[in-house]
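Undergrad: Kindly produce the complete structure, drawing on both the sequences and the hints.
Protein chains in written order, with full-length UniProt numbering: chain E, 1 to 320; chain F, 1 to 320; chain B, 1 to 320; chain Z, 1 to 320; chain V, 1 to 320; chain L, 1 to 320.
If you are wondering where the hints come from, they were derived from the structure by calculation, not from laboratory data.
The model shown is predicted, which means the values in this text are computed figures rather than measured ones.
There could be a bad hint or two in this list.
Same chains, same names: a pair is fine if it fits in one copy or spans any two.
Think about it this way: if two alpha-carbon atoms lie no more than 27 Å apart in a straight line, the pair counts; the simulated DSSO-like pairs of lysine-lysine are [to be verified]:
{"hint": "1", "residue 1": "K90", "residue 2": "K245"}
{"hint": "2", "residue 1": "K252", "residue 2": "K152"}
{"hint": "3", "residue 1": "K69", "residue 2": "K286"}
{"hint": "4", "residue 1": "K11", "residue 2": "K69"}
{"hint": "5", "residue 1": "K198", "residue 2": "K90"}
{"hint": "6", "residue 1": "K156", "residue 2": "K84"}
{"hint": "7", "residue 1": "K90", "residue 2": "K156"}
{"hint": "8", "residue 1": "K198", "residue 2": "K84"}
{"hint": "9", "residue 1": "K289", "residue 2": "K2"}
{"hint": "10", "residue 1": "K130", "residue 2": "K198"}
{"hint": "11", "residue 1": "K84", "residue 2": "K316"}
{"hint": "12", "residue 1": "K252", "residue 2": "K90"}
{"hint": "13", "residue 1": "K130", "residue 2": "K69"}
{"hint": "14", "residue 1": "K69", "residue 2": "K316"}
{"hint": "15", "residue 1": "K130", "residue 2": "K152"}
Number of protein chains: 6
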Amino acid sequence: MKLPWQERPQKCKDVVWRYTENPIVERDAIPTSNSIFNSAVVPFENGYAGVFRCDNKAVQMNIFAGFSKDGIHWDINHQPINFKAGDIDKVHGDYKYDPRVVFIEDRYWITWCEGHNGPTIGVGYTFDFKVFFQCENAFLPFNRNGVLFPEKINGKYAMMSRPSDNGHTPFGDIYLSYSPDMKYWGEHRHIMSPTPFKDSAWQCTKIGAGSVPFLTDEGWLMFYHGVITTCSGFRYAMGSAILDKENPNMVKYRTQPYLLTPSELYEQVGDVPNVIFPCATLQDIKADKVAIYYGAADTVVALAFGYISEILEFTKQNTL
Amino acid sequence: MKLPWQERPQKCKDVVWRYTENPIVERDAIPTSNSIFNSAVVPFENGYAGVFRCDNKAVQMNIFAGFSKDGIHWDINHQPINFKAGDIDKVHGDYKYDPRVVFIEDRYWITWCEGHNGPTIGVGYTFDFKVFFQCENAFLPFNRNGVLFPEKINGKYAMMSRPSDNGHTPFGDIYLSYSPDMKYWGEHRHIMSPTPFKDSAWQCTKIGAGSVPFLTDEGWLMFYHGVITTCSGFRYAMGSAILDKENPNMVKYRTQPYLLTPSELYEQVGDVPNVIFPCATLQDIKADKVAIYYGAADTVVALAFGYISEILEFTKQNTL
Amino acid sequence: MKLPWQERPQKCKDVVWRYTENPIVERDAIPTSNSIFNSAVVPFENGYAGVFRCDNKAVQMNIFAGFSKDGIHWDINHQPINFKAGDIDKVHGDYKYDPRVVFIEDRYWITWCEGHNGPTIGVGYTFDFKVFFQCENAFLPFNRNGVLFPEKINGKYAMMSRPSDNGHTPFGDIYLSYSPDMKYWGEHRHIMSPTPFKDSAWQCTKIGAGSVPFLTDEGWLMFYHGVITTCSGFRYAMGSAILDKENPNMVKYRTQPYLLTPSELYEQVGDVPNVIFPCATLQDIKADKVAIYYGAADTVVALAFGYISEILEFTKQNTL
Amino acid sequence: MKLPWQERPQKCKDVVWRYTENPIVERDAIPTSNSIFNSAVVPFENGYAGVFRCDNKAVQMNIFAGFSKDGIHWDINHQPINFKAGDIDKVHGDYKYDPRVVFIEDRYWITWCEGHNGPTIGVGYTFDFKVFFQCENAFLPFNRNGVLFPEKINGKYAMMSRPSDNGHTPFGDIYLSYSPDMKYWGEHRHIMSPTPFKDSAWQCTKIGAGSVPFLTDEGWLMFYHGVITTCSGFRYAMGSAILDKENPNMVKYRTQPYLLTPSELYEQVGDVPNVIFPCATLQDIKADKVAIYYGAADTVVALAFGYISEILEFTKQNTL
Amino acid sequence: MKLPWQERPQKCKDVVWRYTENPIVERDAIPTSNSIFNSAVVPFENGYAGVFRCDNKAVQMNIFAGFSKDGIHWDINHQPINFKAGDIDKVHGDYKYDPRVVFIEDRYWITWCEGHNGPTIGVGYTFDFKVFFQCENAFLPFNRNGVLFPEKINGKYAMMSRPSDNGHTPFGDIYLSYSPDMKYWGEHRHIMSPTPFKDSAWQCTKIGAGSVPFLTDEGWLMFYHGVITTCSGFRYAMGSAILDKENPNMVKYRTQPYLLTPSELYEQVGDVPNVIFPCATLQDIKADKVAIYYGAADTVVALAFGYISEILEFTKQNTL
Amino acid sequence: MKLPWQERPQKCKDVVWRYTENPIVERDAIPTSNSIFNSAVVPFENGYAGVFRCDNKAVQMNIFAGFSKDGIHWDINHQPINFKAGDIDKVHGDYKYDPRVVFIEDRYWITWCEGHNGPTIGVGYTFDFKVFFQCENAFLPFNRNGVLFPEKINGKYAMMSRPSDNGHTPFGDIYLSYSPDMKYWGEHRHIMSPTPFKDSAWQCTKIGAGSVPFLTDEGWLMFYHGVITTCSGFRYAMGSAILDKENPNMVKYRTQPYLLTPSELYEQVGDVPNVIFPCATLQDIKADKVAIYYGAADTVVALAFGYISEILEFTKQNTL
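TA: The structure is reproduced here in structure tokens:
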């Protein structure tokens, strides 16, 4: 298993740079798909597994398992994940989208946006990416961008989320909640707000947790998306935040500038123009490298790279 | 302790009728209040205790304890409830409003709308209406109208709530959630929706749980509010619903017609015109009587009466 | 049959004045009604018949026949009108409201707002106010305020209407359309617009035909409603217009000032505050008298009076 | 006269595919045009004639005649169509756009969106594409997407349309209306609705008739547009529907997936990004081929192809 | 000349109390008026003069001079003020409303909301309330609530205003601007904002200067209006602010609670329900008394009283 | 100093044409920039100087000085302009954007959109593009697009501006104001409105002054932007207007068609798609040439050219 990686282009001075062969997953990578984006990956066996948001040609949203040797070339199942009942009586959801995946203790937990009379946070798990179990939704609607921590915090599961409304939510803060058992949730804490327009306009409308945080010397490093409202609708860009290791309710640093903003054609043009939406990372802490997976223009999956130490330093130096 | 009561006026044919001396609590019943409304009462010692929403003259919202011998004449404390920390580290809320009160097992539980970067459901308790303890909020924002069941359901606390947005929410369904410990919540189920306009227009914009349900032969009887959007804003009226005794996720009956709609001047004119908002009942099951407390025009507290058996029958006969 | 009438109060200098015993129909005049308003009357046999909008306590809208000896005291049927199929295969409508009635040639034609996947203009007739027949809707949705002329114009039926949207329409002009057979309609002409705010603000948001026009020396006299948008929603007032006798597409005169605006409590307070909505007149041309029926606050029916010659003169002198 | 045609590309598995030389009409194809799109064609003499929407550089909308030998290369008149009065007194319209053309009996009928104090359905005809006659508008405003059937149904002209509001209408259903004489219209029936978001999101905001239906073994085959509301505004895609031959009020099949969605740069980028808007077809029933003309990005005209039998099969197999 | 005055009612503990004979000017006080409200008064000769907003029955807004011996009973001219050109070429305005009046040096200056392609601040003067001169508008649209200081500040005229938009502005702060000559304005300073909802909800949507400030020991005392957005629209209440004597850009104190909120029927019911809008005061500094004139429900003029020292003390004690 | 220039391409028939090497300033022309657009240039010493809007990667807006030999290749300072206090006590602004520059009498005046609790018009000057002085804001918020005339008109400075609201203003007219001293402003006159949709749709939502006017035989020639609201938001195009030489309050001619509309990829795709926003010209009156600088897609700076005489003729021939 080798981390997907490409060195920084010579002329580039940015702390995060794009893969030159982007997008890595095209909108029609499976026969039924209208678009594939906002997807999550995780090391699995000798390579990688992923959970992909594939909207079909009726623009129904669902999540699909996929596999890759190198994290770049993916084989995505042609059928959506068929969940069995986990800790819930029966499984039903109007739709599923924007998955995240994380390994905790003994299994791979998946969270996503689940349609339950409006969007909320669906929860499921798998041991093998073949059989999947769906559990109770974590929260009441309306919610999006549920992202678990990769280990328990003080003995409890911890999940970030972004309370929303039932449409194209024009507001949005990140909260952190806890659960003793992944079934009942509480101890909700507000941890991150959109910024005042004059301080950092790219994240002034709403923000949402993106990738599963991973532990660094500085604390939990997470990539998140921020949104600005232009006269043509929303524009989504990506920043980074560092949360305290012991008490992740405390955000230690958070980038005032973005790390990536839509500026390539595959990010600027598509089903929804001007969207960069990070959902996962792969990292090699020793090698100091991170690969960031993000949805582009609500149409394709793209990849970016960076050195972890540089990103940490940048986040600290450019904190709000 | 005598249930507040007044017989149905001779000419009245309605299943629920108003107290002729309404409002029972005036907007200036305490020196600092702008308005007193959407308040809850409960039998206590030899009379009644209540938790009252008193907005002050800065129109800051807070909740106050009050006491009454007869359920009609109330002495409301001049200082808001000062919560001590219950199962939470420290107590802080931007505001508190629309309380409900219910006795479960050994104490009086209070739920209300708590400001935590937006409205959500606050939870607290008291043994004596002198010392109060605040616990963890039940849910993430945005939520309103959290109403507990008066006993555990299958060993778990049960609470209805109405997921909302951060403004004058123009939508709203009732959900039911469960908790083993009043701290962590899950098993969220959607139980009641607004109605299609043509079926029952008074409750077509949004609905919210109102009074604490009480057990009858038909199941849990609850009074709730429904809202219609007129060209002058929202109008709030009151209906009733009967939930299954064993599985309150199942709504057995629910009134297509309202039981009360704003038609008295104190309901039609005030800080917010045309509002009837039930928050509590007192009932004498044996005597077949119920007294319903409701906020009127977001300004005062009013009282209505009915025979439980008649209301049950009406709800069944006029169900949606 | 005597025209309902009351002389102008001594102090009153207005060209139209209210009946002192208003409202003439209370909101609970029939057992099931939430409100009775926006209703139409017509001479019938030795007295008067009417078609009344009675919203029931589920706030479902329907129309009911009623009868009166004096035009003031009304007996309204407790059951809504049950239409048989006229020139249409089968009768179905989601709701019916805001009726108008007019006698043409051999029968009483009724028009109203009919729910057909949105509001449009329903058409029906009766010979006796006992048996009613429903015909094809005149127009596609979305439309409201369909008002027929009491005789054919150049051999064709003529109907005013107010194209709308599917909500609380924030715009609205009056059009006039023609039909050879009351089934197929065409020759649509735009005849009246809302006014610029600075010219006549009470009718600057939208206008709608009100009463069935009747012929005078100056042309067709009609009372219509105009709407202004305040920071508390819409306010409805009443004006008059005179349309050319030969070519009613031509509006000859139209009042810049209103004739009636909400200023009595029953017009200012109710289910929708600040509404005056004229739907019918009774007139005695010889006696120079007209009685105007209008809905007040979307809750009750009220009555106003005037001398036709004075109203004509006022309309000409105060025309836009 | 040869049907424009290009075989399906080898790798393509879609039931409808694009012409590789798209767009076939550029935005500046005539000297005065800002954009040319949403246009209609019909077989004429030894080739084809068309009616084109050409917005000029003041972005005034008007319709222009054009001619082609092969249906692909078009000569569009530099002057807009100058209508003479048909069955109407005098011709006036604020603007004209989105034309459709169909031959019925003895002449070519044209329908379009006509400005008459708001958009409604204009109607006109020509025998030779040189002299044009304008008739009465079919309906009251606000309406768009009026599409005639190519023959009378039960002795009457039949027209689909999409009642609208006076702006960027955020709703929209398809109705079917009838006329004995192309002047007076009635018998309006609701035939197609937008879909629930979870069933087929690309057509969940509004839909509108597109091409003139043509008769197949399965019934009338029509291509229509469906719209989804993204956080950047509307996105328009194309589906197909099959209406019952005898009673086209009955929609027999309708595609849950789209047939075409914006995914080429000329569809994704332009005056209005992400628009595919079908307005006409040419078909060779014997050869089983259909050529579909559609506006792209409100800027240019493009062409797509398909086998009729495949489209019918696809529509039946993938029906909602 | 005697200050209008009535002692505080016995039971009343408020710092400001209403005149028991309110409203002092009825909506029909002149023959043409629909409503008279938001008006200003000033000592003049042996009594008082005023400038009154009288909307006529076409709901056109204009300002009228009026006179009173006692400040309570008013004779209002039946014709609006007819301005001659002051420092401006010619006088034209689409409408005039919400006047304020103040004597500075040698004349009475009047400011009001002037229609100049949208609302802005009109300026005029009179020496005798018979002949009036209109000057250049102070500012560009959109602006409302222009209120002059009664003397020059550091040699320059000083005016508060409330930048607005062209509708029912949902935001609004108070600015202070300066002019050497009452013709050219600059040195604009932001001085007061709406409050956060949780701090003082009655003034959380927008605020606007009300009465002309007068000098006290504590500084300039001004009554202003604050607005909250309810689910039925705006509600207007009144507070007080004290500005620094030397540098009125500095707000020293400002009431967190309101001084008056709509709670009498003439304030709660009318053309716009729930409005208290102060526009002027009369004060007797020696006698420590102030009379406050305010518009009620956009329909009538009402009067309230208070002791200046008490109001100062209250403002200081209850400052934000 | 040579005017930047490129001859009209052979096939082009437009009166204004683009530079083939557009954009001339890329979004990342300085290390910190997210985008560089809506910028102004002026002849300076032996070449040109400019003031550039460079949004940084936090999307904070500020203005930067830049220099060029040829007007095409620019060196932009890496630090924003650091203003010293001019006629104002101290300098503070929340943000600065959309600058214009003009030489009057003895110095270069700069106007821009200044954040002062909302956007308004900032004013400053420099003699050398090294030291800059900031003066009092010209107007109250909310305002944008302040453009000075290059000489005094009747002894007074003259500035166009576009009163706005505090968001993505959906309306907007151009006013002209005067000042004796560049500090106090008055004599505000409304000079240009958006057009009715049917007359010139590209400028029907709002308009704003663009480049500094320059004097021609026909009067002051100015390039301005006009905006249309599509279902995907705003689209910005460019027109020209000629103002009377003596009395620039009088607009003599104004183009009904646009001169430039977004049709190149760098205008159609970017941070805000479909924007052409002119902010400056360089002209050689003798040579009859003008170079127009405009922001494209809120991302880059582009350049267009034209012959002044042709533009004048076009504006006269195609006037509204």
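Undergrad: Can you give the numbers of the hints that this structure goes against, from lowest to highest?
TA: 11, 14
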